[in-house]
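*Asks:* Each chain, letter by letter, is given below.
There are 2 protein chains.
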Amino acid sequence: MAAPFSFSERGATQAVEEGRTLSPKFDADGLVTCVATDAASGDVLMVAHMNAEALARTIETGEAWYYSRSRRALWRKGESSGHVQRVTEMRIDCDQDAVWIKVEQAGAGACHTGRRSCFYRAVPLGKAPDASLVLELREAERKFDPAKVYGKGD
Amino acid sequence: MAAPFSFSERGATQAVEEGRTLSPKFDADGLVTCVATDAASGDVLMVAHMNAEALARTIETGEAWYYSRSRRALWRKGESSGHVQRVTEMRIDCDQDAVWIKVEQAGAGACHTGRRSCFYRAVPLGKAPDASLVLELREAERKFDPAKVYGKGD
Numbered sequence: 000m001a002a003p004f005s006f007s008e009r010g011a012t013q014a015v016e017e018g019r020t021l022s023p024k025f026d027a028d029g030l031v032t033c034v035a036t037d038a039a040s041g042d043v044l045m046v047a048h049m050n051a052e053a054l055a056r057t058i059e060t061g062e063a064w065y066y067s068r069s070r071r072a073l074w075r076k077g078e079s080s081g082h083v084q085r086v087t088e089m090r091i092d093c094d095q096d097a098v099w100i101k102v103e104q105a106g107a108g109a110c111h112t113g114r115r116s117c118f119y120r121a122v123p124l125g126k127a128p129d130a131s132l133v134l135e136l137r138e139a140e141r142k143f144d145p146a147k148v149y150g151k152g153d
Numbered sequence: 000m001a002a003p004f005s006f007s008e009r010g011a012t013q014a015v016e017e018g019r020t021l022s023p024k025f026d027a028d029g030l031v032t033c034v035a036t037d038a039a040s041g042d043v044l045m046v047a048h049m050n051a052e053a054l055a056r057t058i059e060t061g062e063a064w065y066y067s068r069s070r071r072a073l074w075r076k077g078e079s080s081g082h083v084q085r086v087t088e089m090r091i092d093c094d095q096d097a098v099w100i101k102v103e104q105a106g107a108g109a110c111h112t113g114r115r116s117c118f119y120r121a122v123p124l125g126k127a128p129d130a131s132l133v134l135e136l137r138e139a140e141r142k143f144d145p146a147k148v149y150g151k152g153d
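Sequences listed follow chains Y and A, in order. Numbering that gives the first Met the number 0 puts the first residue of the first sequence at 0, with every later residue one more than the last. Numbering that gives the first Met the number 0 puts the first residue of the second sequence at 0, with every later residue one more than the last.
Any given hint could be a false lead.
Identical copies go unnamed one by one, so any copy, or any two together, can satisfy a pair.
[Stated by the list, open to error] Calculated pairs, DSSO-like style, for lysine-lysine (alpha carbon to alpha carbon, straight line, at most 27 Å):
no. : residue 1 : residue 2
1   : 126       : 24
2   : 126       : 142
3   : 147       : 126
4   : 24        : 142
These are calculated hints, taken from the structure and not from any lab test.
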């Protein structure tokens, strides 16, 4: 398993944006944002965070590891549910504070609520938001029963 | 234009995850994460942030507004470049701290470096990251000259 690894120190903007060295910009909490999309459909499955260790383990193993802000713990996706994510490609953005992974999602879904994607509600557009705004369901049927799948959340 | 609007106060987890009221979870800086994907290709174009006003304006106008953390300012995407993003769909995630927008990207690209997407470099997988790691270019050719397009950045 990935040993603790110090990613490269960040150089000037030009080096970060145009260089070919991985030098992530971790925020004050030591995290980068990670977007996971379905390698087949392109849908966004979830947005989560990685600390340096989660990022290193994901790179080494080719399976998604995250850092749970609520549990304050390293988190192998699918650890309790079996719904692991095999990473087919990882990309880093221009200023290296966000990661995009394309994944093959094992099992019924990525979301702890039982849906395939965490993004199962749409926001209607074209009108200033007010108290009448009602979210619209999108592929919101449950694919699995979270109470049966999760021991301690995932 | 959207007047200052107070999004709903957040209720219990059940209401936030299963309800149809938009009650975003802004972080300590007053921001939610926003992922913009290309409505045609599904590619992730950029990851940015929205404060309450940017979110409200995006909902009202159907064009992407963000909040620039570096400039500490509300930011209409394409304001200086003309590379506006027309939002074809907005979704919110289970705990309502991340937004996914599908956009029609005007102009040559979304990235301030001149690429179509901010994610123009891939991280090789399958080996623990070390000093030998070299990012691989992906659709990294410049689509426009940022020096000519941007007055003050975008």
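*Asks:* Does each hint fit the structure? Answer for all of them.
*Replies:* For each hint, the structure was consulted:
1. For a Cα distance limit of 27 Å, the shortest separation of residue 126 from residue 24 across copies, 21 Å, qualifies, whereas the shortest one inside one copy, 36 Å, does not.
2. Taking identical chains as interchangeable, the C-alpha atoms of residue 126 and residue 142 are never at most 27 Å apart, the minima being 32 Å within one chain and 34 Å between chains.
3. Proximity of residue 147 and residue 126 under a CA criterion of 27 Å is satisfied in neither setting, with 40 Å inside one chain copy and 35 Å between copies.
4. Only between protomers do residue 24 and residue 142 lie at most 27 Å apart by alpha-carbon distance; the minimum there is 25 Å, versus 35 Å within a single protomer.
The structure does not agree with the numbered hints 2 and 3 stated previously, though it agrees with the rest.
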